[in-house]
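Please model the entire structure based on the sequences and the hints provided.
Those protein sequences? They're chains A and B, same order as listed. Anchor point for the first sequence: position 25 equals 25 in the numbering used here, and the numbering is continuous, going up by one each time. Anchor point for the second sequence: position 1 equals 1001 in the numbering used here, and the numbering is continuous, going up by one each time.
Hints are supplied without guarantee of correctness; some may be wrong.
Claimed, not checked - Some chain A residues judged to face chain B by a derived CB distance under 7 Å, without partners named:
| no. | residue |
| --- | --- |
| 1 | 5 |
| 2 | 6 |
| 3 | 33 |
| 4 | 36 |
| 5 | 38 |
| 6 | 78 |
| 7 | 102 |
| 8 | 105 |
| 9 | 108 |
What the hints assert, rightly or not - Covered by chain A, according to a simulated footprint, are these stretches of chain B (three or more residues, beta-carbon under 8 Å):
| no. | region |
| --- | --- |
| 10 | 1080-1094 |
| 11 | 1128-1138 |
Claimed, not checked - Straight-line C-alpha distance at most 27 Å; calculated DSS-like pairs for lysine-lysine:
| no. | chain 1 | residue 1 | chain 2 | residue 2 |
| --- | --- | --- | --- | --- |
| 12 | A | 53 | B | 1003 |
| 13 | B | 1142 | A | 10 |
| 14 | B | 1073 | A | 25 |
| 15 | B | 1142 | A | 54 |
| 16 | A | 206 | A | 85 |
| 17 | B | 1073 | A | 53 |
| 18 | A | 10 | B | 1003 |
| 19 | A | 54 | B | 1073 |
I should point out that these hints are in silico values taken from the structure, not numbers from a laboratory. As the structure is a computational prediction, the values presented were derived from the model and not from experiment. A virtual CB, placed ideally from N, CA and C, is assigned to each residue, including glycine.
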Amino acid sequence: MTDIQYLAPKTLDEAVRAFAATAGKGRILAGGTDLLIQMRAGILNPGVIVDIKKIPEMTAIEETKDGGFRIGAAVSGAVLREHPKLKKVWPGVVEATNLIGSTQIQGRASAGGNLCNGSPAGDSVPAMVAAGAVVTIQGPKGKRELPVEKVPKGPGRLNLEPGEIVVAFTLPARPKGSGDAYLRMIPRTEMDIAVVGCGVSLTLDKGTVTAARVSLGAVAPTVLLVEDAAKALIGSKLDDAALAKAAAACSAACRPIDDKRGTIAYRTQVAGVLLKRTAAIAAQRAGGK
Amino acid sequence: MAKIHVSTTVNGEPHEFLCDAEQSMLDVLRGPLGLTGSKEGCGSGDCGACTITVNDRIVCSCLMLAAEAEGQKLGTIEGMAGEELHPLQTKFLEMAALQCGICTPGVLMAAKSLLERNPNPTEHEVRFWLAGNLCRCTGYDKIVRAVMETAADMRGAAR
Ligand SMILES: Cc1cc2nc3c(=O)[nH]c(=O)nc-3n(C[C@H](O)[C@H](O)[C@H](O)COP(=O)(O)OP(=O)(O)OC[C@H]3O[C@@H](n4cnc5c(N)ncnc54)[C@H](O)[C@@H]3O)c2cc1C
Ligand code: FES
Ligand code: FES
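Here it is, written out as structure tokens:
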């Protein structure tokens, strides 16, 4: 016996209406790799499941007119990886999303689900934050946009109004000489939860950083945009002093928990170390040193 | 609540079934559809014993709702052999790449999907592609070698 209802609307409007009608008792289903586990564990018990994968714009990747990308919230990691152009322009976003779980998990898991699950350790989130992604949200009151770092509110909590659905991520156009990267620290090489994650996006002009965004995952109740670290990098040639300053800014931004995966002191130190390593990869991709 | 009616294709054959909203695809495969080749090792996406393809992409059927199968094209281990065993199946037997066999259907489904995309994988690529398939018997080495050798044979045969 069951009193759960499964809906698979074919349009966004239909989905918004159906989701709003559940009056807080519904759950959006993207890849289900978090949702189904939480339902089975009895953590969630939704009355209605609204599957968004039959809605074309939720599962499509498009290039925007200005040369950016629009990634549907339910696009799976496997589809993201196979896009011919995306991984050249935003390799950090693609590699971060591809770190989620195994090949099988990749067949279903989405960046939208990763964000909306609200874990501070979600791997794609820091990469999206570093990339400056903007999220399109649709709900009963209409459509709005929010920078991705503004979506999480705390572990498992989001700045979404009742009935709102994340529709897509928009990545901006890329100036010449840009590169991004994401690294995470985990005890294993696959299938584990980040102890620290770090995203960096850089634009270089003749070796000098003209734009930077730095983000950290798993070191605070939400993923962090670390503006002080970006400031330390902008204007520099990524010399040791600038990197040390940015690393210190990352460590200073940490408000981590102590758990079996890492102590507060460990996470705080690793945040700085990861910043340096991630920045080096981003710079190399940007065509710098 | 009424049961959900689902029409789908499994291993090229049309199938219809009734399910509850929260019932997993794995449950329906092993129950009403009688396809017990896919195994339940964990029910939480960690072990890969339940691996099937949906529209030619591998997924954990324990983390998929049966209702989601509507209109999709599923593939299970039962569809792997034609008149003869698939070269991977033959090689696994030959090289003893299985012991208890619980992980084997999932490993084979995953390995087949790898070779379809990448006929010449490195050992590193094989190990990462199969990272979501846990085996508590073989220690993985024989599995990885069998996949590499099958790939080499299939490349030879294709030449
Ligand atoms: C074996 C295994 C390994 C994993 N490894 C990792 C890992 O290494 N790194 C990592 O970050 N995560 C990992 N995860 C967690 C999970 O796979 C990711 O968080 C994934 O990105 C979730 O995406 P999904 O599409 O499956 O989300 P779902 O499970 O469908 O949804 C997750 C939550 O978000 C809500 N939601 C989904 N989409 C939307 C939307 N568009 N609008 C509003 N709400 C929405 C759902 O209602 C649900 O509450 C792992 C999970 C498993 C089972
Ligand atoms: S039973 Fe599905 S992954 Fe283990
Ligand atoms: S052969 Fe026993 S689990 Fe792999």
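Taking the hints in turn, this is what the structure says about them:
Below 7 Å, beta-carbon pairs count as interface contacts, and residue 5/A has one with chain B at about 6 Å; its hint therefore holds. Evaluation of the residue 6/A hint against chain B yields a held restraint, the C-beta minimum of about 4 Å falling below 7 Å. With a cut of 7 Å, the hint placing residue 33/A at the interface with chain B holds, because the nearest CB-to-CB distance is about 5 Å. Interface restraint check for residue 36/A: the shortest CB-CB distance to chain B comes to about 5 Å, inside 7 Å, so the restraint holds.
With a least beta-carbon distance of about 11 Å to chain B, the hint placing residue 38/A at the interface is violated under the 7 Å criterion. Restraint check, residue 78/A versus chain B: the minimum CB separation of about 6 Å is within 7 Å; hint holds. Checking residue 102/A against chain B by beta carbon gives a least distance of about 2 Å; that is within 7 Å, so the hint holds. Below 7 Å, beta-carbon pairs count as interface contacts, and residue 105/A has one with chain B at about 6 Å; its hint therefore holds.
At its closest, the beta carbon of residue 108/A sits 5 Å from a beta carbon of chain B; the interface hint therefore holds under the 7 Å criterion. Evaluation of the coverage hint for the region 1080-1094 of chain B: breached, as 0 residues show C-beta separations to chain A shorter than 8 Å, against a requirement of three. As drawn, the region 1128-1138 of chain B meets chain A at 6 residues by the rule of a beta-carbon pair under 8 Å; at three or more, the given contact holds. Between residue 53/A and residue 1003/B the CA atoms are separated by roughly 21 Å; this keeps the pair inside 27 Å, and the hint holds.
Taking the CA atoms of residue 1142/B and residue 10/A, the gap is about 45 Å. The hint is violated against a cut of 27 Å. Between residue 1073/B and residue 25/A, the direct Cα distance comes to roughly 31 Å. Violation of the 27 Å bound is thereby established for this hinted pair. Taking the CA atoms of residue 1142/B and residue 54/A, the gap is near 40 Å; set against the 27 Å cutoff, the hint is violated. Taking the CA atoms of residue 206/A and residue 85/A, the gap is near 25 Å; set against the 27 Å cutoff, the hint holds.
Only pairs whose Cα atoms come within 27 Å are accepted, and residue 1073/B paired with residue 53/A is accepted, the gap being roughly 15 Å. The hinted pair formed by residue 10/A and residue 1003/B meets the criterion: a straight-line CA distance of about 21 Å does not exceed 27 Å. Between residue 54/A and residue 1073/B the alpha-carbon distance is near 14 Å, which keeps this suggested pair within the 27 Å criterion.
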